Structure formats: C-alpha cells, structure tokens
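Q: The residues making up each chain are set out below.
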Amino acid sequence: MRTGIENYRQRLEQTALNPLAQTTPGYYTFVLFLAAVVAWGLYAYVIQLRYGLIATGMRDVVIWGLYLVNFVFFIGISHAGTLISAILRVTQAGWRTPVTRMAELITVVAISIGALMPLIDMGRPERVANLLLFGRFQSPLLWDIISITSYLTGSLIYLYLPMIPDLALMRDRLGDRASAIKRTIYTVMAVGWRNTPEQRHRLEKAIGIMAVTIIPIAISVHTVVSYVFSMTLRPGWDSTVFGIYFVIGAIFSGIASILIVMAIFRRLFHLEEYITEKHFRYLSYLLLSTLFLYLYLTLGEYITIGYKLEEEEKHLLELLMLGKSAPTFWFFVVGGTVVPAILLLIRRGPTIPRIVTAAVLINVGMWIKRFVILVPSLQVPLMPFEFGAYAPTWVEWSITAGAFAAFMLIFALFAKFLPVLSIWEVAEQAETETASSRVTEELRAS
Amino acid sequence: MRKKISRRDFVRIGTQSVVGGIVLYTIPALFADFTTATANSSSYDWEKHYWGFVCDNEKCIGCGRCVVACKLENKVPWEPEYNRTWVERYVITEEGETFVDSPNAGRDGFKTEQPHPNVLKSFFVPKLCNQCDNPPCVTVCPVGATYMTEDGVILIDQEHCIGCGYCLQACPYGARFFLPDKRVVDKCNWCYHRISKGILPACVEACPVKARVFGDLWDPESPVAKTLAAKRVYVLKPDLGTEPKVYYIGFEKGVH
Amino acid sequence: MRHLSRASLLVIALLLFIFVGLRVIPVPAALVNFGFHQRNSEENRQLWASLPMQFASSSVCVNCHQNQYDMWQKGNHRTVNCENCHGPAREHLATGVPPVVSHTTRELCGTCHARLISRPSNFTQVNIAEMGGQGECVTCHDPHEPRAGMPPQVPHNLEGRTDCKLCHGPHEPWLTPPPELPHTLEGRTDCLSCHGPPEIRGATLPHPPHSLEGRTDCLLCHNVGGIRPLPEDHTGRKSTTCLNCHRSE
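Protein chains in written order, with my numbering: chain A, 1 to 446; chain B, 1001 to 1256; chain C, 2001 to 2249.
Simulated from the structure, these hints should not be mistaken for lab results. Note that the coordinates shown come from a computational prediction; the quantities given were computed from them, not determined experimentally. Glycine included, every Cβ here is placed at the ideal spot set by N, Cα and C. There's no promise every hint is true.
Derived pair list, reagent style DSS-like, types lysine-lysine, alpha-carbon separation capped at 30 Å [what the hints assert, rightly or not]:
#, chain 1, residue 1, chain 2, residue 2
1, A, Lys314, B, Lys1121
2, B, Lys1121, A, Lys308
3, B, Lys1197, B, Lys1253
Computed spacing ranges between beta-carbons, pair by pair [to be verified]:
#, chain 1, residue 1, chain 2, residue 2, range
4, A, Asp176, B, Glu1159, 19 to 29 Å
5, C, Ala2094, B, Pro1080, 27 to 37 Å
6, C, Leu2047, B, Glu1081, 23 to 33 Å
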C-alpha cells in the first residue's frame, strides 16, 4: 500500500510537471497566433483611442454594446472558479482537488480581462483616475469597482495560497529542467515552504479563511454588476430579480467554462488519470441544476413583465420574441438552455464529449443572453419615435476577439510556468481515499 | 519595568488601533466634504432663482427654429443626431394608433406630412432636458461630473466627465448625448450662460409663437409662474418620480 | 471566526480609507460636495455661466436698425425675432460685417407657413408649392410686415395683367378677398373678360364707373353674383329696361 501511494505520487508529479519542462512546436504556434490576435485587438483599440467612440457602433440610444456584453460575460465565467472551488472546499467535497486550480485560474484571468472592458468602453480613458479620486459611492459603477477589485485581490490570494506547496515542489524537483530565472521565481514564490506540520496547519487555516471570505465577495460581484443595470429606469432592467438572476447566470456559465477548460487540459496534458469521467459527471449535475434555476428565473423575469405589459416593456418583448432580436433570443432559449438540458439529461453516447458540447453551447448561449439583456433594452425608444440601431463595428469585434485571445493566451502562458493541477492536494486526496478504503477493508475483514 | 506583550496581543492591539485610526481619520474628512460651501463670486445670486420651463404643444408649429437656435447658440454639432433640444411630431389616427417622428430632430422643420390616412389629430411636442428635481442621471454618475445647481439646473463638468455613458442610460427622457469631438456627455442646460445674465434661453428667443416659456418659478410675476397658475399642465413620465421642471400644456395620450 | 471578523473589518476599513479618506487629499476645495450630489463645482458653474452668447435679441438690433425695427414691431411678424432669420448677431456685432444670413427663400417661409396637418389650425398656412407661382415669397410679402408689401390695392390698373388669381385667386380660405372687391372670386376663371383690356373684354365693356348712355347690356355685369349685382327687388328685370330709371347725370 505504502509503495502504491509513492508510485502514484511520483507519476502524478511527473505528469503535472512535464508540460512545464517540455514545449512542443504546436504550443509556440498557438501562442504566436493568440499573440497576433491580441495585437490586432490592441491595434483596434489604438484606432478607437484616435477617433473616439465614434469608431464603434455605439451611439446615443444604444450607448453600451459589445464591450459591456463581454464585461458581463467574463465577470460571469469568473464566478466559476473561485466560488465553485470555495464552495466545494467549504463543503469538503473531496473530488474537487484536480479541478480547483483551473477553476481559480479561470477566475483570475476572466476577471482581469472583464474588468478591462468598461475601461475600454470609456470615452475618456485618460481620466480613469477620477474614479478613485472622485469616486461616488452613490453610483453603482463604484460598487462594481469596489467589489471587482476585492474579488480580484481575493481570488489572487486564493489562487496563490494553495499553490505554495506546488511551487516548493517545483523549486525542488525541476532542477536543471527549468531555467535559472524560473527557479529563482519558484524559490521566491514558495516563501520558504518546507512542508513542516506547522506550515501545513497555517496554510490550511489561511486557505479556509479565504474560502469563506471569497464566497460573499463573489456573490456581491455579480449582484452589483446586475445593479448597474437594474438601478436605471430602462425596460427589462428595472427588475428586482436581477441580482440573483445574474449570480445564477454567472455560476451557470462559470461551471460550463470549467468543464471546457478541464476537457482541454485533460487532453493536452494527459491528465486522464486524475480528471476522470466522474468529475465531468459531478460538475454536469451542478450545471444541470443551475440550468434549471436559470431557466426558472428567466421565465419568471419575462412572465412578470409580459403579464403586466407596460408600454415600454411591451416594445421590449415584441423586439425580443418577434422583432429584430428574436433570432438571438430564441437561439439563447433553444441553443443555450433546451439543447444543453437534453444533452445533460439523456445520457446516451460518450459522457465527456456530450457534456463538453453542452458546456460550449451554454457558454455561447450565455454570451448571447448577455447581448439580449443589454442591447434590446437600450434599443427600446425613450423618445417614442425611433428604435435604437446597433451594429458593432470591426473595432469592437477586433477588441472582443483580442479579449478572448488574451484570455486563452494567459492560460497558455500560465500552464507553462505553473502546474494546472494542485499536485499536493490531489496526492493528499488519493492518500485519504486509500486510507479510508483500507479502513473499510479492515472493518469488513473484522 | 516592562510589561511583556505576547505576539497574539500585539497583533490584536495593532489591528484594533489601525482600524480605529482609519475610522477616526475618515470621519472629519466626510464632514469636511459636506460642510465646505464655496462662496459665489458673481453678481448673479443663484439662491434667489429657481428656473422653470413651459412648452405649449397647442401653440407649437413645428418650425424647428428652436433646434437651429440651440445648435448655433451652444455650438452643438450640426448633425441631426446631436441635439440638446428637438421637436417631435405626433399623428393619431382614427383607429387610435399613434405615430411619432422627428426628421433630423426637427432641425429643418417638417416638410412633408406623415403618410398615414385617417388622421384624427396631429401636433408637435418640443423636447429638451427636464432639469429634474430628482435627477436620475446625477445619482448614477461615478465621478460626480454632473450636478445640480442651487437654481435648479443640471450641469455637466466636461473637464471631469470620464465618458462612461452611464447617465445616458439613466436619463428616462433621452436628453443626454455623447459629444463626438470632446468624447464627453452633453445636454441642454437651459442656456445657463444666458439665464444667469437674465436673458432668455436661445430656443425661447427663437420661438415665433411663444410655445416655449421660460422664467423663475419663485417669482409670481414671471411668465412661467403665471402660466402655471393659469393653465393645467403636465410633465413627462410623472410616474417615475423624477420631478421634471419642464411643464407641458396640451397633453395627449401617447406622449412620453 | 475571530480571524474572519477581524480580517473583514480590516478590509472594510481599508476600503473606506481608500475611497473616502484618501480622496480628500487630492480633491481641490472647489470640488466639494453639496447635498448628496457630490461635485457641485462652483468653478464649473462659473465656466458655464461665462460662455459667450451668440444671439443678442431684437432689443439690441434696434440700436442701429430703427426703421426695420419699427416696421417689424407693427407687423404680424413681431413675434419672430430678428436673429431668427438673420442669424446670430455675435459675428455682426464684433466685426461690423453685415449678417451673412439673409434667408429670403421660399423654403425658410415654409418652415413656418407650409400647410401641415399637425400645425394649429389658427396659424397662417399656405400650400407652399403653389402659393404665388414660383417666385420668392418676398417679391410680394415684406418679411418685416408680410401684409404691407402686398400687390396694389383694388381698383388698380389692370392693363396687361394676366395673373389676377395670383392675388385674387381662391388660393387660401384665410385670404378672403379684399373688401373693396364687390364680388366673390370663387370658381372664376374669366377675370379679364370684364377687368381686362378693351381688346379682350370687348369695346362695349367700360371701366367702372361709366356713363350709361346707349347701354343695353347692363346685366352682363350687374347680374346676380356679378359686379355690383342688382338689388333684390330688381330680380327678373332685363337690361333693356334699366335706362328707364337709371340715367347719367
């Protein structure tokens, strides 16, 4: 038994550390491609800086467009991570261990990219400091800033703390396979981790505190993101359900993102032994339940405004269900909820591709859903004579593409410097499982 | 004799004093913010006036001279999508349908009839910033770049605005717009440079049929106060509780 | 739990410090709060208040243009301020250059007076495409006093005129025929057969007032609905009997 665990640990370390030491040409090509897309996005932003927001499709009636859609989307998938991993940690779900690192990483990267989006959307980005110097608490935008920065800080800490033992491991094990600079970085970041019982005790306590702290912060983030909309008098936004609606939507798309990221790393880094079908199945249960919650909230949202049918909301519903926005709206309903629900409910065919297909559909659907929440509400005329028109320009699409490429690029770079698997936790979990199975065997024997 | 402090106590006392210090430091700052009032240097005493506006839909002929005057007076871009004030045309058919249009925001007047048969009635409605007493645009500004003056006008500090566009969403009347060159928000301020010198706003000067009336709500002799005393008036979207200060005579279902 | 509460207290205090406390240091005194609207900047208000005016109002124009002003004051256009058509006075006042804008086009008149169903019915409206032929409105109407510049009063010289209906036509109900005219113009197309030059109207038709010597065609003009229609108690009478009573003195 003892040797079994040792073997397992050795194999695990090798699998997890291998990608850090070896780099394939395919990887370089991929990173270069992503970097090119990011550069193109940056070029588009330079164009926007030069000509102002007139370079975008946003005008006075529809003043917020793709950037804010991306903002809500990225903040949404950022929920995945830290919130899920924290909830699973607090509830001591043992199967979480191979998933947490990726989930937390999604959070940190998504929230960094997402937080940039409103800044890109500003007409006067050079005055961004005004937000801190003259920030008004009465404005929902300030709530966003406070809660997103708290979430980013918390998530960074929460990502870093469980990484310390792994950093120490890399400091000790990688040896010549890593360059001198990398080794120095690992040494510094490992902050003298020697795996003593006292260090372990402290680390676990710190992680525990962070896990508990991060949950309310995470919920506050998407609540105030929704408040930015629901605090105004716009049809479709003027709703009390928006806080929880956005939080559930965020968890929904977040879990879908974890599933996608898991599948990709499982295949690329050969983690089949650690990320098994079980993980996909468990997460798919969570995904299905949030899907139904989200569907329920969506239904409640539209049935309450559809029953009363105030004039402006009537315009909105017509636009959504029958008008110009109908294709996007119905794509969200069918492609983003109904089809994934069927895929998750009817368990035919190979599990992982089935679940991942559902997850991809859900994320596409949720991006569209954010578009459907944002743009048609703005299109409904305040002055009754015209419906607002909005067609994103190439600048907006380029910046959006750049943002998604940057998201993937940071992931790719991270995976080259740090293990995407929480090695020590996976090993520990394996030990616990072996121990408990031994106990069970002994109990059975007696 | 030195008392020994344990590390736990040190951390506890340290945390308490840091938190306490920060809170204590913050309180006077808050008070300073709210109490420092700045003296008014010009001869115009903004505490003695409270401006109001009346639009008479029954008189408006839809000539659009107000829109032109506003653009010239306030250097608003000439393109029809940038307007501090605009004129809408309502056509109500015998079937009860309401059609609204505003070609070029009314800048060039209304040249052709709307193509709807069986017109029951039709009229023009001039629109501008309502200078609400309870302005939703001001409350949402993240940097306090828009504010209400003592005389009841909402102004925008364009040197300070970050151009986030949040106030555009918040305004239920669509009065605000984005300046393409300055990249900040702009809107009607009732020609603040004119009214603070005792002169009428440019659109009121331009109106050939006196469909726009401007004056001091606090002065019972002002044309606005007299109109409000004599006529039954209405405001746009009163249910929102924004307390607009632009009053309308000759209201009709479907106008909002 | 104690760790937790202490940590969160610290976070809250720090946030409070950053967003409220630190803010006081860089923010100038002029930008301070005012009620719950944060940045009621006196500086900025002064900036708005000090912007230059473009429109001076008619009471400034009168200083130099007394004649036009007086005429304008008397006319129906007295509610239309000078600068509404002439453009803002700022340039003109500063440089002395005559106002570039002299809108005398049919289009400008039409912005107010083109017939639209949406305009109040008591407001003067015409069919702007047909009113007065294709010339500019100002050829007949003085913009300062639209009624003053109207064509000559009736009776006026009719020699060579072929455009009677330009003025006397039933083009708009509001423009009732001038009271001097003794008959309605509704539906008439043959003005010159009476009012025209001798070649057209025939030698027998005189310019009114005329002598009655030798006349036998009185009812040509003095019929019911004609010029100076015969009195009611004359109905049924014939031209031939007129001279029995009516004679030139």
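Q: So, for every hint listed, does it hold in this structure?
A: Hint check:
no.	hint	result
1	A:Lys314 - B:Lys1121	holds (24 Å)
2	B:Lys1121 - A:Lys308	holds (29 Å)
3	B:Lys1197 - B:Lys1253	violated (37 Å)
4	A:Asp176 - B:Glu1159: 19 to 29 Å	violated (59 Å)
5	C:Ala2094 - B:Pro1080: 27 to 37 Å	holds (29 Å)
6	C:Leu2047 - B:Glu1081: 23 to 33 Å	holds (26 Å)
Of the numbered hints listed earlier, those contradicted by the structure are 3 and 4.
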